[in-house]
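Engineer: Chain by chain, the residues:
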Amino acid sequence: MQKFEKFSGLVAPLDRANVDTDAIIPKQFLKSIKRSGFGPYAFDEWRYLDHGEPGMDCSTRPLNKDFVLNQARYQGAQVLLARENFGCGSSREHAPWALDDYGFRVVIAPSFADIFFNNCFKNGMLPIKLAADKVDELFKAVEAKNGFALAVDLVQQTLTTPDGVVYKFEVDEFRKHCLLNGLDDIGLTLQHKADISSFETKHRASQPWLFA
Amino acid sequence: MNTQTLYDKLWNSHLVRTEADGTSLIYIDRHLVHEVTSPQAFEGMRMAHRKPWRVGSILAVPDHNVPTKNLAAGITDPISRLQVETLDANCAELGITEFKMGDIRQGVVHVMGPEQGATLPGMTVVCGDSHTSTHGAFGALAHGIGTSEVEHVMATQCLVAKKSKTMLVKVDGKLGHGVTSKDIALEVIGMIGTAGGTGYAIEFGGDTIRGLSMEGRMTLCNMAIEAGARAGMVAADEVTFEYIKGRPFAPQASQWDAAVTYWRTLHSDAGAKFDTTITLDAAKIKPQVTWGTSPEMVLPVDGIVPDPAKMADPVKRSDTERALQYMGLKANTPITEIKIDKVFIGSCTNGRIEDMRAAAAVAKGGKVAASVMLAMVVPGSGLVKAQAEKEGLDKIFIAAGFEWRDPGCSMCLAMNDDRLSSGERCASTSNRNFEGRQGQGGRTHLVSPAMAAAAALAGHFVDVSKQ
Ligand code: SF4
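In order, the protein sequences belong to chains A and B. Be aware that the first sequence starts at 15, since it is given in the numbering used here, and climbs by one per residue. Be aware that the second sequence starts at -6, since it is given in the numbering used here, and climbs by one per residue.
I should point out that these hints are in silico values taken from the structure, not numbers from a laboratory. If you're wondering where the values come from, they're calculated on a predicted model, not measured in any experiment. Among the clues, some could well be false.
With a straight-line cut-off of 27 Å between C-alpha atoms, the simulated BS3-like cross-links for lysine-lysine are [claimed, not checked]: (1) B/Lys155 <-> A/Lys207; (2) A/Lys207 <-> B/Lys2; (3) B/Lys332 <-> A/Lys190.
Pair by pair, the computed Cβ-Cβ distance ranges are [unchecked claim]: (4) B/Ala276 <-> A/Gly51: 50 to 56 Å; (5) A/Arg75 <-> B/Gly169: 46 to 52 Å; (6) B/Asp96 <-> A/Lys216: 33 to 39 Å; (7) A/Phe81 <-> B/Pro327: 29 to 35 Å; (8) B/Ala302 <-> A/Leu77: 28 to 34 Å.
Covered stretches of chain A (chain B as the covering partner; in silico rule of three or more C-beta atoms under 8 Å from a C-beta of chain B) [said to hold, decoys possible]: (9) 29 to 37; (10) 57 to 69; (11) 94 to 102.
All residues carry an ideal CB built from backbone N, CA and C; glycine is no exception.
Hey, can you work out the whole structure from these sequences and the hints?
Structural biologist: Printed below as a string of structure tokens:
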């Protein structure tokens, strides 16, 4: 996994609550057996005026000019600002894959759905929970200033605006460690192979029917 | 002695190790796999030269892409077909048990697992699918995981997790005529919202829940994820044991008594503390219908579509406006005046035999309204289909003008050919009414099987509790 380093990224505001994973990546794209290439289809139904299907060349598709990510000022955004309960719905990891492939490395929202939140970390992305009033402030600030970028510093756990306003955020210590070092979960867990095996032996003895 | 919730018991009995910050390794007993969220996990394993830790814990089935008619012709969409073939190949290579297309045991993964006895009380169950919460109905700790976690569980038999908070949803009293566990689920989601259960494991308790069949409990736990909770659960009891007994993956006769003795301990202790408790009076719950694009946008069937002009909260107002616009609905319309174009009865929420029976009981002797273009019944598995046919339910549906299909996820998410066209309105027994869920531009109203069947006959929503 790629290490998460300090960066400064353009912010795109998606002013809707309960953005679900079907919206982030519609189901027809779930038919892929690959992990990459979902970026052009992120938010497909909102982003394009026609119906998207896997394999389509998106560069020639009619864009929905009203959709925020299609606005010139948000091209190249790396930080997505969103509302409550972002990423609700299915467990599809295609959702963070699509956001990642699009270029987003950070999603900021007052709250996230659990599975989506988890899936972000597994893909080197950082979901940040900020209080609703802080998120509101950011929406206003982004709106007010063309090219509004946030400096994201995971080590310090801060977001810094162009005007120097600093927002502190919380992050789980273990997840932070994994992101900063680009650690692979499976490798980490397998360091505890002996623990798993001895648990399994006991478990098998007490509930043999689970191992039939 | 410390009192424990059911969740505590399940968590503690699977804890392999815990780090200082609470991050834990949880041992997984059962890993269910389907074609959509697994190919990248198998690929990852192969690239890292890893083998599954315990092949016997894995059970695979294709469901999302499976066609529900003309099965013999196979899958026509080459991309869908490749996904199913990839699952077949991965399972064959690793020796994983798979119920392939055409096998009578094939079906929606959350119908198939319990039906095979592959979900047992006291287990930890995972699947790369959010509706894995369904299996909690057996007194198991079950939740959906992402593809990276699918790979992680295959490789290590463990999940990295932190303990959730606990919520008790306690339902007491007698459910009214025509009111089902689907209505309880939607009522709860309407109360606490789609994020109300985020961070929680929900236990459903109370005498109403004790009185539910396993099918009813599964419907309820299935919808826990729509309330934001990764896991839903119901304590195991005689109803549970009776359901499991004799199923292919159930404990052998020689181990049965020991298993049941253990399973009897799988309930929250008297006085156990929950972080949050919600109580409902079953007698007050009416049949529910969603009107918007999130399961929390739900009303009793005798309600009227909300009016954004009356909402103070600006975020809520704009969400409501957007939902009404997408749904093509006017504020203040009575729910019973909403006309539908299609009906879908099926899915992992309501595709079990009891659901088929409830819908057939309403459909019996009736006729699908002329204004309804398509009313389809999709059993959750080949075995559900066979049982329904044994009971003659297929004949009732067909005589009433419903289509009787082969098992699969079908129009629950419209990955196969079953889908809504833009602007079409559907009464659906599935679990998500998100924009585009049943087809781009499609409009979904979530209801119980009886409500869906009644809507099919009337051409609009009707209150089955009054029939
Ligand atoms: S029936 Fe619907 S919700 Fe259930 S597993 Fe299939 S697609 Fe998912």
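Engineer: Decide, hint by hint, whether the structure agrees.
Structural biologist: Hints, verified against the model:
no.: 1; hint: B/Lys155 <-> A/Lys207; result: holds (19 Å)
no.: 2; hint: A/Lys207 <-> B/Lys2; result: holds (24 Å)
no.: 3; hint: B/Lys332 <-> A/Lys190; result: violated (51 Å)
no.: 4; hint: B/Ala276 <-> A/Gly51: 50 to 56 Å; result: holds (53 Å)
no.: 5; hint: A/Arg75 <-> B/Gly169: 46 to 52 Å; result: holds (50 Å)
no.: 6; hint: B/Asp96 <-> A/Lys216: 33 to 39 Å; result: holds (35 Å)
no.: 7; hint: A/Phe81 <-> B/Pro327: 29 to 35 Å; result: holds (34 Å)
no.: 8; hint: B/Ala302 <-> A/Leu77: 28 to 34 Å; result: holds (32 Å)
no.: 9; hint: 29 to 37; result: holds (count 6)
no.: 10; hint: 57 to 69; result: holds (count 4)
no.: 11; hint: 94 to 102; result: holds (count 4)
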